[in-house]
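Guided by the hints, dock chain B onto chain A, whose structure is given.
There are 2 protein chains.
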Amino acid sequence: MSEIELPADHPRYASLLTRHRIEDGVEKGITSKQGLIAQGRGEAFDYLLGEQTIPSADRAERAAAAQLLLADHPVLSVNGNVAALVAPEIVDLAAAVDADIEVNLFNRTEKRMEAIAAHLREHGADAVKGLTADGRIPNLSHERAKVDADGIGAADVVVVPLEDGDRAEALADLDKTEIVIDLNPLSRSAQTAAIPIVDNIIRAVPTMTEHAEELHGSASETLNTIVDQFAASDALTAAEEAIRTGV
Amino acid sequence: MSEIELPADHPRYASLLTRHRIEDGVEKGITSKQGLIAQGRGEAFDYLLGEQTIPSADRAERAAAAQLLLADHPVLSVNGNVAALVAPEIVDLAAAVDADIEVNLFNRTEKRMEAIAAHLREHGADAVKGLTADGRIPNLSHERAKVDADGIGAADVVVVPLEDGDRAEALADLDKTEIVIDLNPLSRSAQTAAIPIVDNIIRAVPTMTEHAEELHGSASETLNTIVDQFAASDALTAAEEAIRTGV
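Chains as they are written, first to last, in the numbering used here: chain A, 1 to 247; chain B, 1001 to 1247.
Source of the hints: derived by calculation from the structure; they are not laboratory data. One should not assume that every hint holds.
As the list claims (entries may be wrong) - DSBU-like cross-link-like pairs, simulated, lysine-lysine; straight-line CA separation at most 30 Å:
(1) A:K33 <-> A:K111
(2) A:K111 <-> B:K1033
(3) B:K1033 <-> B:K1111
(4) A:K28 <-> B:K1028
(5) B:K1111 <-> A:K111
(6) B:K1111 <-> A:K28
(7) A:K28 <-> B:K1033
(8) A:K33 <-> B:K1028
(9) A:K28 <-> A:K111
(10) B:K1028 <-> B:K1111
(11) A:K33 <-> B:K1033
(12) B:K1111 <-> A:K33
(13) B:K1028 <-> A:K111
Stated by the list, open to error - Listed next, the stretches of chain B that the computed footprint assigns to chain A, with coverage defined by at least 3 CB atoms under 8 Å from CB atoms of chain A:
(14) 1016-1026
(15) 1036-1043
As the list claims (entries may be wrong) - A partial selection of chain A residues facing chain B, derived with a Cβ cut-off under 10 Å:
(16) R19
(17) K33
(18) A38
(19) G40
(20) F45
(21) Y47
(22) L186
Beta carbons: idealized from backbone N, C-alpha and C, even for Gly.
Extracted from the complex, chain A is given alone in its bound form (with noise of 0.2 Å):
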């Protein structure tokens, strides 16, 4: 993706570089007209939340990335806002924890498939999963049922940025556990996740990249730790929170 000129420390850096991933995903046919709506939605949330990583959403991170080291077969579901916002740092965080990347679009159409997949690669990704679709996610209608068997179908950790709630909630009563980047801190996705995320994706992703990083290697009973220290209800209290009183 073609880059804005802009240093890392602009007081806007993450809200002018947002809009300007999010119209390059237009042109090149990866954000649907509800990924852009969905955008909307965000950009008003992170809004109210100051456009910052509160304290509660980098704990949240920090016990993602335990979490993804610990998996077995750990996989990142990416929708066409995802590939549009963050192609490069998902690949990064794939690299960090050995995770799987899988494309899953609300509304798949082959063409959107292809074109994700492409941005993807050309960030980078050696493998992407998700168009063989031999898999299938009970409990949801045909086309958003779709998930690679060997990819989300044999999964044990997922994470999944803004889910649908729907398909976010089928993906929990599988017995995957659940990793859910998400502005609303009051969404099914949200309050369905393990470990919920409340931050922008563009602000998420390298921090869970970092914590990777930083925690790699430690032992199992380190990772244990942080993933049972964190509390999916008092991150979303605390979201709520600072979404509702600006603090």
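Coordinates of chain B only, in the frame set by chain A:
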């Protein structure tokens, strides 16, 4: 515009109708990419407001109706999202308060101007201003400054729904009484307005029309009292409180 089959008392009627109309707006070339993102931001704020017209917004809508009835030359400014979301309702409001309708776009192209004017005429507008563009708002760059000299240029009261902050400020500087409809009470547009209406436009415009029809024929003193008793800062505080606390 095509309408969806949905009873008006459905709990998510406004939300679903809004979504349907905005997508129809994209098909017709009326709604831009920026418009879709703005729509999403509005959805998030409306969600936090409980998708309802709060009492302070209803009072603002009544004050706006009174102000419009008192005006010598009221103008309703229409951009892409306004046209997509409330074309028939804007035509009704213009009739109720004897106002002009003028198309004004942040990203002005002749093609979108024409598409929006055609869409408004299709919904009953007999005259649509904005295409002459022989007036300018001072302190704005060329394309964004364009207005009709005998429309917004000559107006004493202007309704600017979903307006960009720079434009709202430049209009307020012109000594025009500005009525803004915006779901974010912290936005510069809302902060700048003489009468800020923090409500979903799909609820706000018909409510303004109802108030105007009820107030029609009232003495100027009655209308002036309604306007004078309205306090913009109280309305903004009440709206922010509602969004922050969910009450």
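Comparing the hints with the structure gives:
Of the pairs offered as hints, the one joining A:K33 and A:K111 holds, with about 15 Å between alpha carbons and a cut-off of 30 Å not exceeded. A distance of roughly 20 Å separates the Cα atoms of A:K111 and B:K1033; the hinted pair therefore holds under the 30 Å criterion. For the given pair, B:K1033 sits about 15 Å from B:K1111 by alpha-carbon distance, which is consistent with the 30 Å threshold. The straight-line distance between the Cα atoms of A:K28 and B:K1028 is roughly 21 Å, inside the 30 Å bound, and the hint therefore holds.
Restraint check for B:K1111 and A:K111: satisfied, since their Cα atoms lie roughly 29 Å apart, inside the 30 Å limit. With a C-alpha separation of about 23 Å, the suggested pairing of B:K1111 with A:K28 holds against the 30 Å cut-off. For the hint linking A:K28 to B:K1033, the alpha-carbon distance of about 14 Å falls within 30 Å, and the restraint holds. Distance check on the hinted pair: A:K33 and B:K1028 sit about 14 Å apart at the alpha-carbon level, within 30 Å; holds.
Pair hint A:K28 plus A:K111 holds up; C-alpha atoms about 11 Å apart against a cutoff of 30 Å. At roughly 11 Å between alpha-carbon atoms, B:K1028 and B:K1111 fall within 30 Å of each other, so this suggested pair holds. The suggested pairing of A:K33 with B:K1033 holds, with an alpha-carbon distance near 8 Å, which does not exceed 30 Å. A C-alpha spacing of about 20 Å is found between B:K1111 and A:K33, which places the hinted pair at or below 30 Å, so the restraint holds.
Annotation: proposed proximity of B:K1028 to A:K111 holds, straight-line Cα distance about 23 Å (limit 30 Å). Only residues whose C-beta sits within less than 8 Å of a C-beta in chain A count toward coverage, and the region 1016-1026 of chain B has 4 of them, enough to reach three; the restraint holds. Restraint check on the region 1036-1043 of chain B versus chain A: 8 residues with Cβ-Cβ distances below 8 Å, three needed, restraint holds. About 8 Å separates the beta-carbon of A:R19 from the nearest beta-carbon of chain B, less than 10 Å, and the hint is met.
A cut of 10 Å between beta carbons decides the hint on A:K33: the least distance to chain B is about 6 Å, and the hint holds. Taking 10 Å as the C-beta cut-off, the interface hint given for A:A38 holds, the closest approach to chain B being about 6 Å. Annotation: A:G40 was flagged as interfacial toward chain B, and the flag holds, the nearest CB pair being 2 Å apart, inside 10 Å. Contact between A:F45 and chain B, as hinted, is supported at the beta carbon level, the nearest pair being about 6 Å apart and thus within 10 Å.
Taking 10 Å as the C-beta contact cut-off toward chain B, the hint placing A:Y47 at the interface holds, the least distance being around 8 Å. Contact between A:L186 and chain B, as hinted, is supported at the beta carbon level, the nearest pair being about 8 Å apart and thus within 10 Å.
Of the numbered hints listed earlier, not one is contradicted by the structure.
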